[in-house]
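Undergrad: Model the full structure from these sequences, guided by the hints.
Residue numbers (numbering that gives the first Met the number 0), protein chains in the order written: chain D, 0 to 461; chain W, 0 to 780; chain F, 0 to 173.
The hints are simulated quantities; they were obtained by calculation from the structure and are not laboratory data.
Beta carbons are placed, not taken as given, at the ideal position from N, Cα and C, and that holds for glycine.
Errors might be hidden in some of the hints.
Over 10 Å on every C-beta distance to chain W, these chain D residues come out as not near it, computed from the model [as the list claims (entries may be wrong)]:
hint : residue
1    : GLY128
2    : THR155
3    : ALA248
4    : THR254
5    : GLU269
6    : GLY309
7    : GLY318
8    : ASP377
9    : THR387
10   : HIS398
Dumping the calculated DMTMM-like pairs for lysine to aspartate or glutamate here, alpha-carbon to alpha-carbon at most 25 Å [unchecked claim]:
hint : chain 1 : residue 1 : chain 2 : residue 2
11   : W       : LYS592    : D       : ASP99
12   : W       : LYS744    : D       : GLU153
13   : W       : LYS736    : D       : ASP306
14   : W       : LYS215    : D       : ASP306
Interface residues of chain W toward chain F, partial, derived using beta-carbon atoms under 7 Å [unchecked claim]:
hint : residue
15   : PRO62
16   : VAL120
17   : ASP121
18   : ALA410
19   : HIS641
20   : MET648
21   : THR685
22   : PHE722
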Amino acid sequence: MKAEGMFSDIPVDVGVVYEGERVRKEQMHAEFGGPHVADKYEILEVRPPGEVKDGEITVIGPDIPGIPEGSSLPFGTEITVSGEGLEPDMAAVMERRIHDFSNWIEGYMHLNQRDAIWLRVDKRSVKKGLTFKHIGTVLARLLKSAIPLIGAVEVTFITDPAEVSRRIGRARIVFEERDARTRGMTDEDVGVFFGCTLCQSFAPSHVCVITPQRYANCGAISWIDGQAASRVDPKGPIFEIGKGECIDAGTGEYTGVNAVVKEKSLGNVERVQLYSAFGYPHTSCGCFECTTFFVPECDGLGIVHRDYKGATPAGLSFGAIADSTAGGRQVDGFHGLSFEYMRSPRFLAASGGWRRIVWLPSDLKERMKGIIPPELFDAIATEKDVETVGGLVEFLRAHRHPVVERMKAPEPVAAVENPGTEAPRHPAGSQNTLTIPGGSVSLTLKNVKIHAERMIIRKKPE
Amino acid sequence: MKLKVTIDELITDRLRAKGVEFNIGRVIEAWEEDPGPTPMPGIATLRSWDRALLTKYHPFYLPFCDLCCLCTMGKCDLSGGKRGACGIGMAAQQSRIVLLAATMGAATHAGHLRHLLGDLVDRFGRDQTLDLGSSVLLEAPHARLVTGIKPKTLGDLEEIAAYCEEEITQLLSCCHTGQEGDPLDLESKVLHAGMIDHVALEGSDLAQISAYSFPKGDAEAPLVECGPGCLAPGKPVILVIGHNVPPAIAIADEMHERGLDDKIEVCGICCTALDLTRYNARAKIIGALSQQLRFIRSGVADVIVVDEQCIRNDVLQEAMKTGAPLIVTNAKNLQGLPDRTKDDPDGIVRALAEGKEPGAAILDPDKAGEVAVRVAMEIAPIRKATAGLPDRAAILEAAKACTGCFSCMRACPNDREITAAVTAAAEGDLAPLAALYDACIGCDRCGGACPAGLDPHDLIAGAYRSLFPAERYHIRAGRGPIQDTEIRAVGGPIVMGEIPGVVATIGCSNYPGSWNDVGSMAEEFLKRRYIVVTSGCTAISIGMYRNEQGEGLYDLYPGRFDAGGLVNVGSCVSNAHISGAAIKIANIFAKRKLNSNYEEIADYVHHRVGAVGIAWGAMSQKAAAIAAGFWRLGIPVIAGPHGAKYRRMLLGRRDREEDWFVLDARSGERVYAGPVPEHLFTVAETREEAMVLVPKLCMRPNDTVKGRSIKLNHYLDLHRRYFGGMPEDLPLLVRTKSDIPITMKDEVVRFLAAAGWKESDRPIPDPTLLPRIVKRGGKPA
Amino acid sequence: MKGEAWLRAENPATVRAALLEKPPVAAKLLRRAKSPVIILGHEASVAVLDAVVRMARATGAPVVATGGISAELARKGFTPSLVMSAMEAGDRLRDPSWEPVPGRSPPDYAFFLGIPYSISSVIEAGLASFARGHLRMVSLDRLFHPHCDLSLPNQTREEWEAMLAAIAREVEKG
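TA: Shown next as structure tokens:
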């Protein structure tokens with residue numbers, strides 16, 4: 000059905016209803032990018048005001064009506080934006096919106112990003128008259144509507160194969176520069192961190208602290224994303240945190256972070272050490288991608304991710320481990336985190352970093368190849384190597400894992416409470432119980448009938 | 000478990016006791032969580048929570064009957080403000096009937112649980128462990144929440160069943176003359192019945208999943224065949240109908256043991272069919288409840304085996320017309336047949352196969368299974384149906400008798416154009432009759448009403464019969480619970496609003512129009528990336544829908560509990576997994592304690608989990624109980640037009656600002672949170688009206704900006720499509736400018752400006768209705 | 000059959016709607032009502048919509064559009080006063096202080112038509128008990144509605160459309 004209002008001049012409808020729409024091969028008029036085409040990319044860049052011709056949509060090469068049915072073409076999308084308050088760092092965040100916005104166009108399917116894009120346009124939409132000019136107009140309007148800082152948008156589509164291959168190199172350089180900058184950025188390089196309370200909607204005492212070297216637990220928000228989000232919506236759930244004084248650079252404790260976390264968690268959490276799994280670890284929400292678990296027998300940490308269905312050597316599944324830390328709590332050794340944080344040079348730095356990791360699911364270990372220090376790679380066990388804690392300890396000894404040294408120490412380094420088996424706060428039936436008085440009193444009872452409505456048996460914590 | 004210890008004499012240095020007897024009413028094994036405030040709540044324990052809901056959602060009474068005829072002082076006319084001989088007024092009477100219905104429903108499920116446990120304990124033992132697989136650690140959210148029991152074995156479920164039974168007895172007693180007379184207190188008891196119902200549902204499914212190894216939260220449970228066209232011609236056919244699956248499973252086992260897997264077609268109608276396919280993916284589902292009479296009358300079945308619930312009461316007479324023996328297997332539904340449970344199977348088989356007896360009651364599932372299989376093999380080659388659906392010639396001939404008196408239409412609950420269709424048939428055109436097929440609920444009231452002795456029901460089914468072979472569909476076998484990891488994975492997207500809601504299309508097949516309506520509704524929300532959950536007859540009807548491209552939805556959409564997933568949890572009793580998923584979100588995602596903590600969890604679910612039920616064809620008292628279980632958790636339910644006959648709605652008034660305040664748990668302040676969700680129970684007049692209601696009823700006070708914006712986007716889009724223009728309540732639903740969907744920004748801003756809308760300057764609250772939830776430092780105002 | 004519930008088993012307790020068979024009488028009710036409101040459901044045909052729009056324009060009675068009929072009305076260039084479900088409309092009518100159009104007095108007469116029988120019959124039964132002090136109900140539906148105070152008889156679609164057109168003409172005469 001044709002949209003009224005904002006897109007009345009576009010021949011197809013635009014709305015979130017089309018987000019899940021797939022254009023299947025039989026329905027496809029043409030395909031751009033994708034696995035069968037080498038050259039494809041999309042890029043959004045911030046330019047100084049004056050360098051962007053607002054509303055200008057250019058198509059280099061044939062537009063949709065001129066493309067024969069069944070074609071599969073190289074493709075490029077270049078968007079430039081300008082506006083007061085926009086910074087080059089925000090480009091990547093805005094670029095990712097192209098995916099959503101494209102999918103909102105009826106009969107226009109968009110997958111992936113950067114130089115992996117894959118698009119299809121539906122025959123029916125082509126029949127209605129959809130062109131790249133229209134698509135560009137929709138993208139420009141939506142970008143402006145979603146991000147009020149944007150003053151001007153210019154969109155260029157490239158369908159001419161020669162032109163795509165001529166331009167793609169520059170785009171790749173920009174992507175590489177962006178990645179290098181993100182990877183190279185340290186907490187010391189920046190004056191502020193970002194906090195996120197999106198999950199408070201469900202877990203009211205959790206606050207995520209996002210720094211250049213610590214991604215949000217959900218894996219969806221980097222420091223740069225946080226910066227962009229907080230500027231775009233200053234009243235929103237992602238906000239700036241002044242670092243304040245650095246209390247301890249090693250553990251990653253800052254006065255500013257402590258103050259904000261205390262305020263936003265309503266006093267539930269008073270201190271946070273960003274890079275420690277013990278003492279005052281970062282809290283865990285409910286949507287973290289992975290969680291650590293502590294193995295006291297070897298004083299090491301295991302990591303398990305959400306999609307791992309089996310049991311860990313500790314006998315617990317991801318769910319059981321996650322349960323012991325979720326909900327905005329600080330639990331020693333049990334620590335929700337993102338995949339991306341595992342790539343950070345400060346990953347659990349205060350607790351030994353990778354040298355403390357003793358177990359990973361095999362697919363996760365494979366994924367972290369190149370990140371895990373090579374000398375440790377073989378010393379970290381997976382479910383294919385060990386099934387029990389005993390087996391794990393043996394494996395670690397056999398592979399000379401660094402924790403073996405610590406295991407020799409007479410006292411465990413960290414005293415850790417076993418999670419999930421909190422001591423009872425009050426013994427069952429402590430009220431209304433009959434206490435036999437002490438001293439020299441003796442009691443004689445006859446024909447006693449004692450009726451207890453319930454008896455609660457509670458296992459003692461192991 | 001109970002404990003009794005007797006000590007004749009007890010002597011210690013300080014105590015001498017004689018004839019000591021310790022009696023312990025209940026021995027409870029504690030689990031990780033301390034018990035919350037309301038273990039095993041009684042009928043008035045959660046009254047204050049119910050009142051909190053009922054001051055927002057007011058009962059609107061719809062007397063389906065103005066009279067009360069429950070005692071011998073009556074009949075009493077309660078209309079127009081009159082009171083009955085006992086003093087009851089119309090409002091209380093309507094609530095009382097709702098309570099009666101919900102209690103019947105809960106009793107039916109609790110009875111089902113007790114019966115199932117009886118069979119399973121006999122077969123597997125009381126110590127049989129409950130196991131939902133490694134992905135479902137939180138096995139019984141309802142039992143943990145309500146009873147404080149974390150069940151580990153079938154035996155533990157007996158204790159849970161006993162609790163349900165006691166509550167149901169108390170609830171039923173409230174319906175007696177001269178008991179509860181306050182409408183809101185009666186409503187509170189309705190909600191209690193609903194809560195108990197879900198505990199019973201959960202216990203039933205937990206028991207059968209564990210004992211029979213049904214799929215355990217498996218998103219890729221097999222696709223099974225569905226529709227009358229899926230039966231291979233020429234094989235003996237055993238038809239099972241009902242809800243309590245052990246006899247049907249015994250049939251499948253018997254077939255297997257005798258090497259007859261490929262020689263007999265075992266098929267079913269309603270929930271027994273759904274549950275049988277969870278056990279054996281070769282079994283086939285004929286259709287929903289509305290297919291019952293027409294399929295029996297088609298004469299295809301050689302043996303009919305029924306257990307309990309929703310079985311036509313004339314099943315024996317109908318079976319006799321086709322020459323198919325009827326085996327009843329459940330003491331709740333004996334149909335007047337002799338009890339042959341203890342008799343030798345050879346004798347029963349002979350009596351049934353030779354037609355000496357029309358049927359038998361066999362209350363041992365295994366024996367019933369054996370007899371059914373043997374009879375099917377013997378009778379199939381020789382059975383002669385004395386009746387069947389009429390063929391073309393018979394229809395043309397019969398239709399001539401129609402006098403056009405409209406009695407059939409006046410009897411039709413859906414007021415279908417039957418008279419015109421019969422008249423057309425008399426003139427040689429069967430198409431109008433055939434076109435009524437999928438809108439006919441198979442009640443056959445038309446047949447009873449016709450003064451000329453016609454049976455329009457059969458004429459419709461007969462006119463459609465040539466299309467039966469094309470009625471072949473797929474349905475995903477019921478997967479049971481939602482995995483803990485799925486809950487964790489969708490927690491984030493639900494919070495962020497990337498998943499705009501969970502839509503549960505459930506219930507019976509008393510549809511007001513074509514059964515395809517439920518399929519098209521499901522498709523609309525699947526396309527929009529909602530999570531669509533289904534069960535029971537609705538799950539079957541969704542399977543029998545084909546979209547514009549001729550594709551079935553189960554083939555097209557994955558079974559994951561995720562955006563755009565179509566999740567068939569299973570039969571009626573599996574509905575507990577849907578409400579259970581909402582409870583799990585509170586526990587797994589947000590770590591709210593479950594143990595005996597109903598109010599807090601319901602408060603959480605009500606304010607945060609954007610879920611809504613659609614019971615488009617709800618018919619039964621069980622459906623009333625299931626709906627009430629959702630209501631007590633604060634989850635809204637939309638019923639189809641016939642749902643108005645449930646006698647009362649629970650409606651919010653968006654125009655009354657004072658109704659929509661919540662406490663902000665951060666500060667204790669009372670703040671306006673907007674009319675979300677607007678209703679707890681309502682009916683929609685049309686499919687379109689239901690579809691516009693869904694995104695609105697998925698809104699919650701704690702929606703993030705992104706979440707509200709996406710929900711509004713769907714609401715505005717559906718409203719524009721089906722109602723035209725902008726909804727007048729939009730200003731109440733947009734809190735800040737950031738809530739406005741970006742694809743509609745210009746027109747929404749214009750509309751809001753014209754309506755005098757002002758942006759809220761308050762942050763989104765941490766909403767609650769419970770003062771005790773307010774955090775340290777904050778004081779409830 | 001004219002003055003019996005269409006659905007055989009649907010009957011009120013002791014008081015049954017008076018039969019409204021003459022268009023001028025129906026028109027008079029609409030015109031004389033102090034504050035009439037029309038509740039219009041989705042079963043209204045195009046011809047019925049025409050008649051309702053004429054009645055509404057001639058009397059100024061607010062129209063509450065239910066079940067998606069607002070989309071059809073929009074196609075006719077008519078904007079209903081309210082778009083809500085029949086249940087919501089019924090619930091509001093129970094409230095003696097409800098103003099369908101802000102500033103206008105609460106309805107004293109409600110005219111129902113086009114709402115599915117299974118819904119409208121129970122709403123009317125509810126209002127007969129719970130709004131009896133402030134509201135009179137008139138059914139302009141195709142089928143006889145016994146719980147109303149007055150109701151058109153059971154009719155064919157053609158008869159119904161002609162009847163409503165006749166009522167609209169009478170209303171317009173003033």
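Undergrad: Can we confirm that no CB of chain W comes within 10 Å of the CB of THR155 of chain D?
TA: 22 Å, holds
Undergrad: Identify whether the interface hint at VAL120 of chain W stands, where standing means a beta carbon of chain F within less than 7 Å of its own.
TA: 43 Å, violated
Undergrad: Just checking, THR254 of chain D versus chain W, shortest CB gap more than 10 Å?
TA: 21 Å, holds
Undergrad: Is the hinted pair LYS736 of chain W and ASP306 of chain D satisfied, with a Cα-Cα distance of at most 25 Å?
TA: Violated, at about 37 Å.
Undergrad: For THR387 of chain D, which was marked as not at the interface, is the minimum beta-carbon distance to chain W over 10 Å?
TA: 16 Å, holds
Undergrad: Has the given pair, LYS215 of chain W with ASP306 of chain D, been kept, meaning a C-alpha gap of at most 25 Å?
TA: Holds - the C-alpha atoms of ASP306 of chain D and LYS215 of chain W are around 16 Å apart, at most 25 Å.
Undergrad: Within a Cα-Cα threshold of 25 Å, do LYS744 of chain W and GLU153 of chain D meet the stated pairing?
TA: 20 Å, holds
Undergrad: Tell me if the interface restraint on PRO62 of chain W is satisfied: Cβ within less than 7 Å of some Cβ in chain F.
TA: It holds, given that the least Cβ distance between PRO62 of chain W and chain F is near 4 Å, below 7 Å.
Undergrad: Would you check whether MET648 of chain W satisfies its interface hint, that is, whether its CB is within less than 7 Å of any CB in chain F?
TA: 5 Å, holds
Undergrad: PHE722 of chain W was flagged as interface toward chain F. Is the shortest Cβ-Cβ separation under 7 Å?
TA: 5 Å, holds
Undergrad: Could you check if ASP121 of chain W really has its C-beta closer than 7 Å to a C-beta on chain F?
TA: Interface hint status for ASP121 of chain W: violated (44 Å vs cutoff 7 Å).
Undergrad: Over 10 Å from every CB of chain W: does ASP377 of chain D meet that, or does the non-interface label fail?
TA: Consistent with the label, ASP377 of chain D stays out of reach of chain W, its closest Cβ about 28 Å off (over 10 Å).
The structure fails to meet hints 6, 7, 11, 13, 16, 17 from the earlier list, while all remaining hints are met.
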